[in-house]
Amino acid sequence: MNDDIGNAASGGATRGTLRQLPVTYSILDAQALAAFVEKAYAIGPPLSCELLLPSMNDTYLVTSADRRYVLRVYRASWRSAGEIAYELDLLTYLAARSVRVSVPIPALDGRQFQSLLAPEGTRHIALFTHAEGQPLSWDNADDCRQAGQLLAAIHAVSDDFVNLGTRAALGGGQLVDRPAAALEPFFAHRMQDWAYVTAFSAKLRDRLAELAPELNWGVCHGDFGGGNLTVDDTGPMAFDFDLCGPSWRAFDLAPIQMIAVSKKNPAIWDAFVRGYQERRPLAPADLTAATLFCPVHRLWRLGMQAEHAQEWGVVRLSDSVLDRELKAFRAWEAENGAR
Amino acid sequence: MGLADPIPVIRSIVSPDALLDRVVQSYAIAPAVDCRLLKRGLNDTYLLTTQSGPYVVRVYRAWRSGEEIQYELDLLRHLSCRGVAVSVPIAAHGDRLALPITAPEGIRYLALFTYADGSRASWTDSENAYRMGSAAAAIHAASDDFTSTSSRTPLDLGYLIDAPLAAIRPFFANRPADWAYLEQFGGRLKNLAMRFVAEGLDWGVCHGDFGPKNIHRGSDGRLTTFDFDLCGPGWRAFDLGLMQWVAKDHKDEALWEAFLTGYAEIRPLSAADFASVPVFHAAAHLSSLGLFAENIGDWGAADMNDWLFDRELEFFRAWEAEHA
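Line by line, the protein sequences are chains V and Z.
Quick note: the first sequence, position 301, residue 294 per the numbering used here, numbers continuous.
Add 116 to a position in the second sequence, counting from 1, and you land on the number used in the numbering used here.
Careful, some of the hints might be misleading.
[What the hints assert, rightly or not] If you anchor each label on the Cβ, the simulated ranges turn out as follows:
#1 G337/Z - R61/V: 31 to 39 Å
#2 V308/V - G337/Z: 34 to 42 Å
#3 R183/V - F431/Z: 31 to 39 Å
#4 A296/Z - A278/V: 54 to 62 Å
#5 G220/V - D261/Z: 49 to 57 Å
#6 P38/V - A388/Z: 54 to 62 Å
Derived from the structure by calculation, the hints contain no laboratory data.
Computed from a prediction, not measured in an experiment: that's the story for all the values here.
No residue lacks a Cβ here, since even glycine has one placed at the ideal position from N, Cα and C.
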């Protein structure tokens, strides 16, 4: 038996056995990426490259003799070239108007992103300036206020942003229907809970339809506050606009309200809103709607986990995770009325 | 390099559909209806659902050698024959326990296992803790006469202390004082361990990653142990040290006592073995840090951060204050 195993690698098995199996996702070799960046971009060499975080996209830290950069390797079949162009154009547009964001660095061929052939298909890569400083801690009132100013600046400046690249509007279909559909198989053994999720998402949809006509619509970051802010002496900086797109601006406020709720510290929300309003007015309807977007944001994130389960593993949607999320939905309903 | 040249990869996730096809071709099992990725870890674990029930498919990482895998699978068969409740490998056509597959990063092996009945055993009731003690003892007792033509790297002080320290070192480049402490602590831990070894510690097959995360509890309360990927010859007190980590995290001495009672009823534990458990508990922390350090190319360096280092250093210092 031992021989069977031992010999297979050295050619003991038939050709058929050794046909390469298709893969859904791969981790690219960091050294090979460094070599590619050295050739394709006007930075370094020599460069070192290290995987920081494999997630929705894979994030690498690239270091030259005097500077740090972030290299993002987009997942195959996650973002189209048009969607990426929209994100990168937006960042360039914002930075040109003095909004503090991490910006894409064009390659030597002038393009904002490059494309690599990975086993699972084409993967696009983009190189960004590194957001220096410490992760923004919501425990500091001044940081909260400045984060509010920064999001307001992103919203204000992007009002004039026009782009040919395609980004699906993050409306009710994308934010509620799509995640609910993706989650259905994970509730196959929890019929009662699934009935609850269906009814709850229908309520969210109805309420959204009711409020939508009054709400401000425009470019949103999509994940503002989700660990995508750093702060140094000169103030906060935002990065990772991978989830950006046109949506209700109140949707972008929701993650901060969720942070304030989970930390049981309403002062975070108050300071954030005050900062936001110092830079850009916020209508009472938008402010009120932020609460509705808290469970919407949660559902949206959960749906993304479901859509990527075959790359990440279904343990990310285990019963304990689903229990936690259902508890949060029910707590929100109890707090905010079941309208 | 252009689009035409594929970029090298260090790790891939095999498509669950392709895996299902391969398993159906290679094993005499009931028709399979679904295959999904359960989790990505040291290896990739898939849940295969068939008309006659669930199985687990493991796709080993490219660096795990055929010989190491054979040792693990031989051990599981041996334990199962002796009546120990473990998830067992199923032989493919041709009686092979592991099948090679070609992945972009190289040859990997897949193995099909019986599904450990039930769901994760919780470390919150003394009945479970008692049964976990019995399970560890049963594995140790039944493996005393295990022999395999394959071998495994021993879980010795090189594996538990020296190799992890070497892997961790680069991450402490900007914390020289902490590194000096950690290196000296490793030396002191080795001395303590060697003193126990000189007294005579029980040595034999260990699970190597024993704990509730690798144990399922069925509806009848019976436990089944799985994931022996980190097994090897070692000091049995190391398996207990891994469990003490869980017990200390939960701060419930009664559960730890129940675990030890469950163990001792199946198999005696010498005074030296018992007294050495905290040393292996500390060594488990070190080897776990080393495992993270060795896998950042795949898991990312973001988790190897000051928060983790502060927490672990605090543990080591508190441990020394209590035991030195």
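Numbers of unmet hints, in rising order: 1, 2
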